[in-house]
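J.: In this note's numbering, the protein residues as written are 1 to 349.
FYI, nobody ran anything at the bench for these hints, they're computed from the structure.
Wrong hints could be hidden among the right ones.
[To be verified] Derived DSS-like pairs (lysine-lysine); straight-line CA-CA distance at most 30 Å:
(1) K71 to K37
(2) K62 to K79
(3) K10 to K33
(4) K130 to K220
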Amino acid sequence: MPGSAKIVLKRIVFVFMRIKYGNILFQKDAETKKAAKRIIDEIVGKLSEEEAKKKLNTINEKIATEERFAKQVLIEMSKERNEKAFEILKKDYMKATFKIIRNTDYDMGKNKNYVEIEETAQEVWIKIWKSIRSYDAEQAEFMTWITPVIVNKIKDRYGTKQKQFQKKTDFISESNEDSDESKIDFDTKAYNMSKKAFKSADIIFQNEYRGELIFREVFKNRNGYPWQLLIFSIKMDLPPREIVERYSEDLLLEIAEEVKHDLISYFIIEDETIEEDFKELEGLLDSKLGLVILSNDARTKKKLEKMLNDKTGTIHLREFFGKEPTKNISDWCKRVGERLRKNLKANWR
1 MPGSAKIVLK RIVFVFMRIK YGNILFQKDA ETKKAAKRII DEIVGKLSEE EAKKKLNTIN
61 EKIATEERFA KQVLIEMSKE RNEKAFEILK KDYMKATFKI IRNTDYDMGK NKNYVEIEET
121 AQEVWIKIWK SIRSYDAEQA EFMTWITPVI VNKIKDRYGT KQKQFQKKTD FISESNEDSD
181 ESKIDFDTKA YNMSKKAFKS ADIIFQNEYR GELIFREVFK NRNGYPWQLL IFSIKMDLPP
241 REIVERYSED LLLEIAEEVK HDLISYFIIE DETIEEDFKE LEGLLDSKLG LVILSNDART
301 KKKLEKMLND KTGTIHLREF FGKEPTKNIS DWCKRVGERL RKNLKANWR
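Model the full structure from these sequences, guided by the hints.
T.: Written as structure tokens, this is what we have:
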């Protein structure tokens, strides 16, 4: 049938976007769905039928096309001043932005801290928002286009202050050489630094150094059940009521994929480290629920007895909420935070 490959391609790109970004981009927003479909039609419409067929030839080509076209749709929606699309685009590119800022040397070197990097990144993306309408996909890849914006912002932010900053940091470095703090061993510093992170889940990854230390522990099963650990990480961005509204109908496996994707996109830690530290959680999600629940936790087993033979990852989040979802979310996060602090202390002291 004429045009069938192009129709299929349009459909799979939209489905991909709905699965990957739907909770944020399309929720209760028919106009945004229409805009996305219109832009997909425009992008795919530029292809010949033969070109569309080639993009569907293999699984790898299909996946690459979904990613690439979805990104183009987000860019075009951002050019039309869709703030939700722009926030997703920004989040997807934030890790790359962080790395460029951290690695670009303007006599800053190791003196850059997480707060400075984040402030610069936010300024960069304000500038990108203001100028994104000038981006032409036929002239350059999006990453190629934003890189000079990032570098120029670094120059603007640090260029005129290099000498003053360097003198200041040199003085601080010299004055601290013989301080008591410099004599404290690494593990004790890490522990002392981490204590502040457990007042709430919201600030757990606020500091890059502290965040990496705690991240290596946070998804271990000794700190809670899989649904509790996932909610703990989500609560950094959302209040309990919104978590209930947004994630109740999602499978635990889907939530885990979203959490991992967000960490890989936004967090400075290397992708391989994130993948490695997710393995224990993913193993639990692939196990039967009855094997995941502790043998002495009769109350939880009784509550979930109908699902004990189901794979944990295939269960909807709503099944774990009970009668008071928002209260349970708060309780879970409090308990996970307490266990994290206890386990980190046990490991480090």
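J.: Starting from K71, check that the Cα of K37 is at most 30 Å away, please.
T.: holds (13 Å)
J.: Assess, step by step, whether the Cα of K10 is no farther than 30 Å from the Cα of K33, and give holds or violated.
T.: holds (13 Å)
J.: Has the given pair, K130 with K220, been kept, meaning a C-alpha gap of at most 30 Å?
T.: Since the Cα atoms of K130 and K220 sit roughly 42 Å apart, the hinted pair is violated (cutoff 30 Å).
J.: With the threshold set at 30 Å, check whether the alpha-carbon distance from K62 to K79 stays at or below it.
T.: holds (26 Å)
Going down the numbered hints, you'll see the structure goes against just number 4.
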